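Protein chains: 2
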Amino acid sequence: MRKFHKITIIGVGLIGGSIGLAVKRRRLAREVTGVFRRPSTLRRALKRGAIDSGTLDIKEGVRGAGLIIIASPVLTIPGIARKALGSAKSGAIVTDVGSSKGWIVSEIEKMEGRCRGVHFVGSHPMAGSEQAGVEAARSGLFEGAPCIVTKTARTDRRALKTIVEFWRSLGARVEMMNPVEHDRSVALVSHLPHIVAFGLAGSVPAHSLKYGAEGFKDTTRVASSDPKLWADIFLTNRSEILRAGRIFERYYKKILKAISCSDYAKIVKLLASAKAKRDRFSYPPSCG
Amino acid sequence: MRKFHKITIIGVGLIGGSIGLAVKRRRLAREVTGVFRRPSTLRRALKRGAIDSGTLDIKEGVRGAGLIIIASPVLTIPGIARKALGSAKSGAIVTDVGSSKGWIVSEIEKMEGRCRGVHFVGSHPMAGSEQAGVEAARSGLFEGAPCIVTKTARTDRRALKTIVEFWRSLGARVEMMNPVEHDRSVALVSHLPHIVAFGLAGSVPAHSLKYGAEGFKDTTRVASSDPKLWADIFLTNRSEILRAGRIFERYYKKILKAISCSDYAKIVKLLASAKAKRDRFSYPPSCG
Numbered sequence: 001m002r003k004f005h006k007i008t009i010i011g012v013g014l015i016g017g018s019i020g021l022a023v024k025r026r027r028l029a030r031e032v033t034g035v036f037r038r039p040s041t042l043r044r045a046l047k048r049g050a051i052d053s054g055t056l057d058i059k060e061g062v063r064g065a066g067l068i069i070i071a072s073p074v075l076t077i078p079g080i081a082r083k084a085l086g087s088a089k090s091g092a093i094v095t096d097v098g099s100s101k102g103w104i105v106s107e108i109e110k111m112e113g114r115c116r117g118v119h120f121v122g123s124h125p126m127a128g129s130e131q132a133g134v135e136a137a138r139s140g141l142f143e144g145a146p147c148i149v150t151k152t153a154r155t156d157r158r159a160l161k162t163i164v165e166f167w168r169s170l171g172a173r174v175e176m177m178n179p180v181e182h183d184r185s186v187a188l189v190s191h192l193p194h195i196v197a198f199g200l201a202g203s204v205p206a207h208s209l210k211y212g213a214e215g216f217k218d219t220t221r222v223a224s225s226d227p228k229l230w231a232d233i234f235l236t237n238r239s240e241i242l243r244a245g246r247i248f249e250r251y252y253k254k255i256l257k258a259i260s261c262s263d264y265a266k267i268v269k270l271l272a273s274a275k276a277k278r279d280r281f282s283y284p285p286s287c288g
Numbered sequence: 001m002r003k004f005h006k007i008t009i010i011g012v013g014l015i016g017g018s019i020g021l022a023v024k025r026r027r028l029a030r031e032v033t034g035v036f037r038r039p040s041t042l043r044r045a046l047k048r049g050a051i052d053s054g055t056l057d058i059k060e061g062v063r064g065a066g067l068i069i070i071a072s073p074v075l076t077i078p079g080i081a082r083k084a085l086g087s088a089k090s091g092a093i094v095t096d097v098g099s100s101k102g103w104i105v106s107e108i109e110k111m112e113g114r115c116r117g118v119h120f121v122g123s124h125p126m127a128g129s130e131q132a133g134v135e136a137a138r139s140g141l142f143e144g145a146p147c148i149v150t151k152t153a154r155t156d157r158r159a160l161k162t163i164v165e166f167w168r169s170l171g172a173r174v175e176m177m178n179p180v181e182h183d184r185s186v187a188l189v190s191h192l193p194h195i196v197a198f199g200l201a202g203s204v205p206a207h208s209l210k211y212g213a214e215g216f217k218d219t220t221r222v223a224s225s226d227p228k229l230w231a232d233i234f235l236t237n238r239s240e241i242l243r244a245g246r247i248f249e250r251y252y253k254k255i256l257k258a259i260s261c262s263d264y265a266k267i268v269k270l271l272a273s274a275k276a277k278r279d280r281f282s283y284p285p286s287c288g
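Quick note, the sequences are listed as chains A and B, same order. Going by our numbering, the residue at position 125 of the first sequence is 125; the numbering climbs one at a time, nothing skipped. Going by our numbering, the residue at position 114 of the second sequence is 114; the numbering climbs one at a time, nothing skipped.
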């Protein structure tokens, strides 16, 4: 794995902080710098040991960095990328960790032509939790986690290779695909489950919460996630989420209809087919 | 807590086996007998140490027992209760662990009058997992778990008190309510989340499973549950599940509509309201 002289992380919360900790533990860079909006988060990231140094200025932060990782809320990523691409040294690679990719990658590719020798490659490490903030960061967050790296007609092949290797060195299982494929797959396995969890938690009357047990706990865990972060993700992957919603509703409504008609055989068939899929899924995967 | 000379558990899988282990660990009975349909499950329960003795005959199994617990699939409970009530000694109490209560309790109360001195009280310990079988049983399963005990106009008050004390002695947080209230509350916090989890797992294309991470894992965990067991539960709580489905769909569709209209403020409001509820929920509860 290529070692960097300097890696800059813009936005050092749960994901950015975990990248900093993982890079430092594996000594993948001589220096890890964080870029922050607020002095308080800079102090917290230094205290957590996720970065070596920090600044509130993007231009200063990216100076001399070989790898720049944007780990801020999705809607802010293109604007930050514009500044980073404009200030990075020649040969630098910029990536992000946004949960939707079509909008982010197309916005950034529009500006990329003007930044000679600096390349962007989109990433989506599928790790995280309902918690937020650098205090929840941990160096092993990406071990065994899927990480999708986007490849388009405009993606620089050497930069792509470097980004793939970078995530692999953090323990992630890297998959390459175009941003449209990413948004479609992730809408069903991540974005829609969040919407459904928010829907379940939101529809339970407060006085019934005390009857919830393990099933309710797990099914709704991600409804404790940050509403603004997720509103951004939903809006930047709108059409694929609406499509995923229609697919889910078809299955869900078939189950409810079979219950409504007391069709035992049909209910068992639908549940067994869902169970067969769920039984094939394991996370982290047992076979690398 | 009253000690029993003999406790009989009819159906010794995950729940029945955990009751056996908990009773034995706490020495709540001199003898724990299991009743089985198949010799192979009798052997597995003896091997697991969940019972002291076992039989395939209900009449023989309940003989001399002060407490009889029916831990079999919901549809089988009234039929088994009929046999248990008819063979139990005077003064014995029969309870069950079925996940729906209206149908079970009304079926059993129809027959109860003929069994002088033997009383039935419905229970629903809300513990378990997507796993099945006595091998997954554990003595601490009920610690901190909600357990709903049903109270109707026909419930014997002394038998009710004994059953409440029994579940408390196993560490459960007991709530008393009538079967209709039970079925309504549980439809929203347990039955519907199962349907939604089956729906999510069932609608993900097999080739996208590898992109699932922690969110998908937790949101769909209960979709690995036994299809036949849950089909029975859904059919015996049909009308409340359909009602819960309408409540969930209203919230879920509001979120999707706000996404469809790119109404950022509305999305954040709906997610924040769901998050506030989910953040109030903890399991096992931190304050006893």
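Calculated from the structure, these hints are not laboratory results. Just so you know, these numbers come straight off a predicted model, no measurement behind them. Quick reminder that beta carbons are idealized off the backbone N, C-alpha and C, glycines included. Each hint should be verified, as a subset may be incorrect.
What the hints assert, rightly or not - Heads up, simulated EDC-like pairs for lysine to aspartate or glutamate below, C-alpha to C-alpha not over 20 Å straight-line:
id	chain 1	residue 1	chain 2	residue 2
1	B	K217	A	E143
2	B	K217	A	E175
3	B	K24	B	D226
4	A	K24	A	E175
5	A	K89	A	E135
6	A	K217	B	D226
7	B	K210	A	E181
8	A	K210	B	E240
9	A	K253	B	D263
10	A	K217	B	E143
11	A	K266	A	E249
12	B	K257	A	E240
13	A	K217	B	E175
14	A	K228	B	D263
15	B	K210	A	E214
16	B	K3	B	E31
17	B	K210	A	E60
Stated by the list, open to error - Some residues of chain A that are not near chain B, with every Cβ distance over 10 Å (derived):
id	residue
18	R25
19	L56
20	W103
21	T152
To be verified - Here are some, though not all, of the chain B residues that point toward chain A, as calculated from beta-carbon distances under 10 Å:
id	residue
22	A145
23	H194
24	W230
These are the hints, each one checked on the structure:
no. : hint              : result
1   : B:K217 <-> A:E143 : holds (16 Å)
2   : B:K217 <-> A:E175 : holds (19 Å)
3   : B:K24 <-> B:D226  : violated (27 Å)
4   : A:K24 <-> A:E175  : violated (24 Å)
5   : A:K89 <-> A:E135  : violated (31 Å)
6   : A:K217 <-> B:D226 : holds (19 Å)
7   : B:K210 <-> A:E181 : holds (14 Å)
8   : A:K210 <-> B:E240 : holds (18 Å)
9   : A:K253 <-> B:D263 : violated (26 Å)
10  : A:K217 <-> B:E143 : holds (16 Å)
11  : A:K266 <-> A:E249 : holds (17 Å)
12  : B:K257 <-> A:E240 : holds (14 Å)
13  : A:K217 <-> B:E175 : holds (19 Å)
14  : A:K228 <-> B:D263 : holds (12 Å)
15  : B:K210 <-> A:E214 : violated (25 Å)
16  : B:K3 <-> B:E31    : holds (11 Å)
17  : B:K210 <-> A:E60  : violated (39 Å)
18  : R25               : holds (21 Å)
19  : L56               : holds (26 Å)
20  : W103              : holds (12 Å)
21  : T152              : holds (19 Å)
22  : A145              : holds (6 Å)
23  : H194              : holds (6 Å)
24  : W230              : holds (6 Å)
The structure shown violates the earlier hints numbered 3, 4, 5, 9, 15 and 17.
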